[in-house]
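Peer 1: Read off the chains here:
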Amino acid sequence: METTTTIKPDERESVITTEQLTKRFAKFIAVDAISFSVKKGEIFGFLGANGAGKTTAMKMLTGLLSPSSGKASVAGFDVYKQAERIKQNIGYMSQRFSLYEDLTIAENIRFYGGVYGLSRTTIADKTGALLQRLQLEHARNALISSLPLGWKQKLAFSVSLLHEPAIIFLDEPTGGVDPITRRQFWELIYEAASEGVTVFVTTHYMDEAEYCDRVSIMVNGRIEALDSPRGLKERFHASTMDEVFVTLARPSA
Amino acid sequence: MKQFWGFVMKEVRHIMRDYRTLVILIGMPIIQLLLFGFAIRNEVTNADIAILDASKDYMTTEITNKLLSSGYFHLSAELASASDIEGVFRSGKAKQVVVFSQNFARDLYKNGTASVQIIGDASNPNMATILFGYTTSIIQDYQFQLAAHRGQNAVLPITPEIKMLYNPELKSVYGFVTGLVGMILLLVSALMTSIAITREKELGTMEVLLVSPLKPPQIILGKVLPYLVLSVINAVTVLLMAQFVFNIPFRGSYGLFFFEIMLYILTALSLGIFISTKAKTQQVAMMISLGALLMPTILLSGFIFPVENMPLPLQIISNVIPARWFLVTLKAIMLEGLGFEYFWKETAVLSGMAIVLIALSMKNFKVRL
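From first to last, the protein sequence lines are chains A and B. What the first sequence shows, in the working numbering, is residues 1 to 253, in sequence order. What the second sequence shows, in the working numbering, is residues 1001 to 1369, in sequence order.
Keep in mind that the hints were calculated from the coordinates and are not lab data. Mixed in with the good hints, there may be bad ones.
To be verified - These stretches of chain A come out as covered by chain B in the derived footprint (C-beta under 8 Å, 3 or more residues): (1) 58 to 70; (2) 80 to 89; (3) 173 to 184.
Unchecked claim - Straight line, CA to CA, 16 Å or less: simulated EDC-like cross-link-like pairs of lysine to aspartate or glutamate: (4) B:Lys-1201 with A:Glu-101; (5) B:Lys-1215 with A:Glu-101; (6) A:Lys-71 with A:Glu-19; (7) A:Lys-40 with A:Glu-195; (8) A:Lys-126 with A:Glu-101; (9) B:Lys-1066 with B:Asp-1053.
Even glycine gets a Cβ: it sits at the ideal position worked out from N, Cα and C.
Based on the sequences and whatever the hints tell you, model everything.
Peer 2: Dropping the structure here:
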């Protein structure tokens, strides 16, 4: 006899899984057999020093780069065979905001909505809702270039969620932004996660790593640690994620 | 497909919003054609000449009148003796002196020959040659007139025969029109496309586009299409101006003309795409387009300097410049009205270039992913 039980976080379905995922460039191994999984609705921090292989791993997951070996599936689709299906089901935002400065807010939304094949009416509905949520209705026809950085960033995040992707990849989304705006930005991330969107985020800010449900730390192409921020701090006897990161990234120090 | 048109619309919006650049792109061919057509000319008008007429009969008067009414010459002095010649050159009063021998008309009838001496100031060799050319062809023309008038075959061949085919008035604007088409299409197609694509790379939007369901060929095609339209508009502008402002005859087929134009635009666009796969920033793309494409096109394509007059190494280099082949086909169609059989080789070379460049840029664009 089975009864309905509340699903604990660990029993949620995995939306990203990798097994021994590897990328080789000539003789250089950028990503060395990484295996991990990310659950639905989780905020997954993907950390690592520059050159540790974060970007390469992310490119493989977003379908931009095909892996050398190993397995990976994203949103239920295989990265080798179904890269196009993956693209339809993920959102992406880079630290450069990815909005066109010489187009208006409405035009940017219309463009990205169109790219993901949303219908005209859907785009119109979503534009209204999005502007209302961000309290930007008055700026509908303002050029992106006229907006402050923080607004651009929130807008870019919302636009990348326009087509209701299962997973959103954020590549250092808060680079060059002041702490208050960063904080507000993370509120948007929490909101999205609470609605069931999986957030896969890379960052250089260790305080942001504390906000994640789980964090993986890459060193030289390998995942050296993967746990909740609390778990990691306990394991490395550190009081902050910053200390954890320094211990791992510079083992000799 | 709907996604693709949305992409094209976005691109059109970029172009329209930057209306200053758009005005330049559309106005540039007009301004350049007017400049080349009216202001910068190779031909000489109203050059000062002096005449020493020792005969002063009706024939020398007729020839003198013909020379002076041609518009090329302006009489600055009538000389009385040969000793004055040196003086007019020294003082800069004349660029050329025409000397008729004594008893000109009588000699011509009696002996069947008479002589005209043309003395040029070769300190400016180009000018001297041009004036010499004008003078001899005018005198020759007079001879034919004379012969026709008397119902005879031409007499007294004083001068070597110089014949100006296709451009009997030696109008330099004829040559500039075709050259200008080659240059402007390259500028719009290659330069603007490479900048438009590198801009997306520089701003980071290219990453987002590549992660989106849009396919790379759609992205490239969407970026290229508006510039293709702009290029065709430019080509048509130049063509219309050539016909209605400069009265340059269009002798060949419009179908062939547009075929060659499209082929050249295709080559230039793929050059632009190729540059954008190599260049990381808009500035680099612009430098490559201007330095490596535009300069050689102006200097080595035969636009300004005939390819045949170049030293061999430059002639060899000119072979890799698409405009060199394009200009040949364009001249053949527009000015000479020739059929495809006369320039299929050039067309084949151009097609080959287009195919190689498209393949290269496709390959490069994929590798970058």
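Peer 1: Now, for every hint given, state plainly whether the structure supports it.
Peer 2: Going down the list of hints, with the structure as the test:
Here the segment 58 to 70 of chain A counts 4 residues with a CB under 8 Å from a CB of chain B, which clears the bar of 3, and the coverage holds. Requiring three or more residues with a Cβ within less than 8 Å of a Cβ of chain B, the coverage given for the segment 80 to 89 of chain A holds, as 3 such residues are present. Under the rule that three or more residues need a Cβ within less than 8 Å of chain B, the assignment of the segment 173 to 184 of chain A is violated, with 0 such residues. Between Lys-1201 (chain B) and Glu-101 (chain A) the alpha-carbon distance is near 14 Å, which keeps this suggested pair within the 16 Å criterion.
For the given pair, Lys-1215 (chain B) sits about 23 Å from Glu-101 (chain A) by alpha-carbon distance, which is inconsistent with the 16 Å threshold. Taken as a hint, the Lys-71 (chain A) and Glu-19 (chain A) pair is honoured in the structure, with Cα atoms around 5 Å apart against an allowance of 16 Å. About 10 Å separates the Cα atoms of Lys-40 (chain A) and Glu-195 (chain A), which keeps this hinted pair within 16 Å; it holds. In summary, the hint linking Lys-126 (chain A) to Glu-101 (chain A) is not supported, as the alpha carbons are separated by about 21 Å, beyond the 16 Å threshold.
A C-alpha spacing of about 14 Å is found between Lys-1066 (chain B) and Asp-1053 (chain B), which places the hinted pair at or below 16 Å, so the restraint holds.
Violated hints, listed in ascending order, are 3, 5, 8; each of the other numbered hints is respected by the structure.
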